[in-house]
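Position 57 (the sequence shown) corresponds to 80 in the working numbering; numbering is contiguous.
Derived from the structure by calculation, the hints contain no laboratory data. Please note that the accuracy of each hint is not assured.
Stated by the list, open to error - For lysine to aspartate or glutamate, the following EDC-like pairs were computed, each having C-alpha atoms within a straight-line distance of at most 16 Å: (1) K116 with D198; (2) K44 with D184; (3) K163 with E97; (4) K44 with D152; (5) K44 with E185; (6) K186 with E97; (7) K94 with E108; (8) K163 with D198; (9) K153 with E79; (10) K94 with D193; (11) K121 with D183; (12) K153 with D130; (13) K81 with D198; (14) K186 with E151; (15) K44 with D61; (16) K153 with E185; (17) K121 with E97; (18) K121 with E151; (19) K186 with E50; (20) K153 with D193; (21) K163 with E109; (22) K116 with D183; (23) K163 with E93; (24) K121 with E50; (25) K121 with D61; (26) K32 with E55; (27) K116 with E50; (28) K35 with D130; (29) K116 with E151.
Note that the structure is a prediction, hence the values are computed from the model and not measured.
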Amino acid sequence: NIFGLGALKDLKGEILILDSKPYISYEAGNGEVGISNDINHQAALYVHAVVKKWNELKLPTTINTTQQFEKHIETISGVNGINVEEPFPFMIKGIISKAEWHIINWDSNDAVHSHKKHIESGLSGVFEDKPITILGFYSKNHKTIFTHHSTYIHMHFLTDDEKIAGHVDDIIFGDNQTLYLPM
Numbered sequence: 024n025i026f027g028l029g030a031l032k033d034l035k036g037e038i039l040i041l042d043s044k045p046y047i048s049y050e051a052g053n054g055e056v057g058i059s060n061d062i063n064h065q066a067a068l069y070v071h072a073v074v075k076k077w078n079e080l081k082l083p084t085t086i087n088t089t090q091q092f093e094k095h096i097e098t099i100s101g102v103n104g105i106n107v108e109e110p111f112p113f114m115i116k117g118i119i120s121k122a123e124w125h126i127i128n129w130d131s132n133d134a135v136h137s138h139k140k141h142i143e144s145g146l147s148g149v150f151e152d153k154p155i156t157i158l159g160f161y162s163k164n165h166k167t168i169f170t171h172h173s174t175y176i177h178m179h180f181l182t183d184d185e186k187i188a189g190h191v192d193d194i195i196f197g198d199n200q201t202l203y204l205p206m
């Protein structure tokens with residue numbers, strides 16, 4: 024079973040693959056999110072893993088922010104036998120208290136990239152108290168390759184109604200989150 028995330032060719036959308044099913048999100052016009060389940064797309068950036076079975080853990084209620092989660096994922100993964108020196112995927116499912124997100128739609132004439140400009144280039148938003156599934160990858164060794172320069176994690180999400188998928192910019196988790204680590 025394939026789990027992956029990335030950005031479309033020319034940075035014209037986001038890629039999320041959950042259990043081998045693609046959710047390709049893009050700006051459809053008029054501020055609307057489009058989602059394609061077609062696998063025939065090219066990627067500018069893509070990372071994936073084959074996960075046959077997940078270990079289900081409760082995310083402690085003391086872990087609320089992205090920064091707290093990044094520290095927690097390294098610790099809990101090591102305790103669960105994952106080599107944190109190698110990249111690995113994780114999932115989180117639950118009702119998220121607050122999430123800031125974007126779907127990139129890059130201007131091909133702009134050669135200067137920053138995370139802020141990526142957010143501003145396409146659709147972005149904030150939602151609260153929404154059930155979602157997050158797929159992320161952790162790696163200490165891939166900053167600016169498949170994580171941003173200031174973090175070891177890269178996360179994408181899908182709302183449970185499958186109407187929005189995109190890149191997680193910041194998050195407040197809230198209670199009752201389930202963390203999934205590969206076995």
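Outcome of the hint check:
no., hint, result
1, K116 with D198, "holds, 11 Å"
2, K44 with D184, "holds, 15 Å"
3, K163 with E97, "holds, 10 Å"
4, K44 with D152, "violated, 25 Å"
5, K44 with E185, "holds, 12 Å"
6, K186 with E97, "violated, 31 Å"
7, K94 with E108, "holds, 14 Å"
8, K163 with D198, "violated, 27 Å"
9, K153 with E79, "violated, 20 Å"
10, K94 with D193, "holds, 15 Å"
11, K121 with D183, "holds, 15 Å"
12, K153 with D130, "violated, 30 Å"
13, K81 with D198, "holds, 10 Å"
14, K186 with E151, "holds, 15 Å"
15, K44 with D61, "holds, 9 Å"
16, K153 with E185, "holds, 12 Å"
17, K121 with E97, "violated, 23 Å"
18, K121 with E151, "holds, 4 Å"
19, K186 with E50, "holds, 12 Å"
20, K153 with D193, "holds, 14 Å"
21, K163 with E109, "holds, 8 Å"
22, K116 with D183, "holds, 9 Å"
23, K163 with E93, "holds, 11 Å"
24, K121 with E50, "violated, 22 Å"
25, K121 with D61, "violated, 29 Å"
26, K32 with E55, "violated, 20 Å"
27, K116 with E50, "violated, 25 Å"
28, K35 with D130, "holds, 9 Å"
29, K116 with E151, "holds, 14 Å"
Violated hints, in rising order: 4, 6, 8, 9, 12, 17, 24, 25, 26, 27; the structure is consistent with all others.
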